[in-house]
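Protein sequences appear in the order of chains A and B.
Quick note: the first sequence uses UniProt numbering, first residue 1, plus one each step.
Quick note: the second sequence uses UniProt numbering, first residue 1, plus one each step.
It is worth saying that the hints were derived from the structure and are not from the lab.
Just to be clear, a hint being listed does not mean it is correct.
What the hints assert, rightly or not - Some chain B residues close to chain A (C-beta under 8 Å, calculated; not the full set): (1) 324; (2) 325; (3) 349; (4) 350.
Remember, predicted model here, so these are calculated numbers, not experimental data.
Backbone N, C-alpha and C define an ideal beta-carbon position, used for all residues, glycine too.
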Amino acid sequence: MTVTPDTSAAAPTPRSLLDFQGWSRAQLESLFETSKMMQEVLARPVKKVPALTGFTVATVFFEASTRTRLSFELAARRMSADVLSFSAATSSISKGETYKDTLLTLDAMGVDAYVIRVDAAGVCHQAERWLGKPIINAGDGWRAHPTQALLDAFTLLEALGSLEGKKIAIVGDILHSRVARSNAELLPRLGAEVVACGPATLLPGTLPGVQLSTDLKTGLTDADAVMVLRLQNERMDKGLLPSLPEYIAGYQVTQERLDWAKPGAPLLHPGPMNRDVELEGPLADSSRSLVERQVANGQAIRMAVLYHLLVGKKPRGES
Amino acid sequence: MNGELLIQHVRLVDSRGEHGTADVLIGQGRILSLEGGDARRHIDASGLILSPGFCDPHAHLREPGQEVKEDLTSGLTAAARGGYSDVVSMPNTLPPVDRAEGVAALKEKAARIGQARLHPAAALTQGQEGKRLTEARLLAEAGAVLLTDDGRTNEDAGVLALGMQYAASWGLTVSVHAEDAGLRRGGVMNEGGVSFRLGLPGNSVYAESARIARDLEIVRYVLAQLGGRGPQAKALLHVQHLSSARGLELIRQAKAEGLPVTCEVGPHHLTLSEERLESLDPLYKVAPPLRTPADAEALIQGLLDGSIDCIGTDHAPHTQDEKELDLLRAPFGIPNLEVGWPLLYTELVLKRDFPLPVLLERFTDGPRRVLGFEAIWLEAGAEASLVLWNPDQERPVEPQRFASKAKFSPWAGWKLRGWPVLTLVEGRAVFEGLEQPA
């Protein structure tokens, strides 16, 4: 099979994937079509296509995240791109070198596209201004993690067929979650109704297009799917939550509580999971859980994103 | 009559209004006459406006210790270019200005530089640590004009009350950065729909209003403690850089009650709002943060009706590198000494019919009243600390041409009128831009 996705129907693909601003529903659906083709590639014995031969993709992780970085790097290699891998604890930034300096240094090595993970909202936008190259946001602070939302949506589409009119519940620390924000931006565009549910101190005052609730039952009742977020211990340290048992009592997704949702409603989790904190342990391993599908689909989605951002462009160095 | 400088055919406007066209003779640091005379130098100022020199009650000039951001020479030169004859420097330097020797050293150096006049504010507490009071009497003698722990917030209500009570004996007003640290937490922009959507830590309007409400209660308490013994010429409390409609409302009520309180607003809070952060550019990161357009609108009304006494620039220079950090780590602050007047003249007077004499009052008499300085009016005998400015010539904001070391601006490219062309301090030209092409 030759991978030649049809991107002609949609307007030109935005230069970067910083969030979903500028991405139309048609473009997003085209991305999902490409992802299906990438799934076929991944099902082959030789999981590699020459699409990005000659391109260099840098993964720049200013915030530690092995899983997401590996997923992107494998995706890039399977597209035959060269991969430049940079990771640094944020502390090295406070020692002097700025994000800008680091990125400009990498750019001098002839990079065609950047995958950036960072603890502060907006750095991917700044990077696009400084570098003028395609940037894929692999998570910026509390703001956005668009490839996670894409793989969540893709997994939900596989499980539910369509998201039109479907109720998706997101449970946990909504205020500090880039996963929640990106899903809140993406899922309603695909026709879903999103209810975000968590403790009052971990909910934003408003989130466009999303119903917010402190009541887990309201959130889960009749949900077609439930997305559970990781709870960071830091929230207790900052005084936003009294204790872990208190959170578990109010918001842990258990077998019993999952019965409020539609029968068979699947469970998603962006990982890494705190077993028996946000999710009752056995549920994580049950047939309801789509966590492994999410990880596998992450590959296909990231290959598709790289394809859409770089297809038709020429690697640097060519004139 | 003989003088040193004759400014001919110039329109006179001060806080009292328009005074027609005159030939202003200047000598011995004073306005000698409005009816011409002989002078060594003549300036044909047809089409230009002469006003009293501006006074800024709030600028961060960074010396000593942070000269990489700004120093007295660059900061006071920037002030002179902005039409300011007088500038108050904030004491949150390294180390903080908390002793008389530090105040005296700044004043002595500024006098040698010979640009805009410097009036240092000194720390309210030693090291600005919010614990032990500084030596208000010695600081006042050395020339400190305000006491403030700006750069930090006064978390201990008891220390602030003692500070106000004690400073009043020596004629010093306490000036506060009114934000509650606990409510503000790590906020980097206004808390609300935009911050929730962008996923940036928010700093609520209520962090400001709760602190103002507390501080107004402290003023009532201190008044009771002083039992009428406090000097009545100046306020006990000056609230810096008001940013919110809610904070303004509290001050408006307090003033209606007759509480001895004054306040200022910055050019950025009058002309920019939180939507600017959609660009995710730390250029717009400032404390208190840019609020909503409705807040800016309320502040303009407050400036008009006198609830707000004056414009304080809160000129806060940083290096380009620092402002290119990310939104969590980049420092708070916007440099604006060189654009304050043309910005507000253009945006308020030209675009919204804000009365020119009122805006001038907020740049001249208003801040001088807050500081206990005499007003400067355009009449024979007045001190010749003046600014000549061009109400017609339009020029874009070009940060790379700033005298300030901070060569960036949220107003870069804005086309403004009202640019100063000559700033005088006691008759001496500290900025002259007359040669620039019209």
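State the violated hints by number, sorted upward, taking the hints as numbered earlier in the document.
3 and 4
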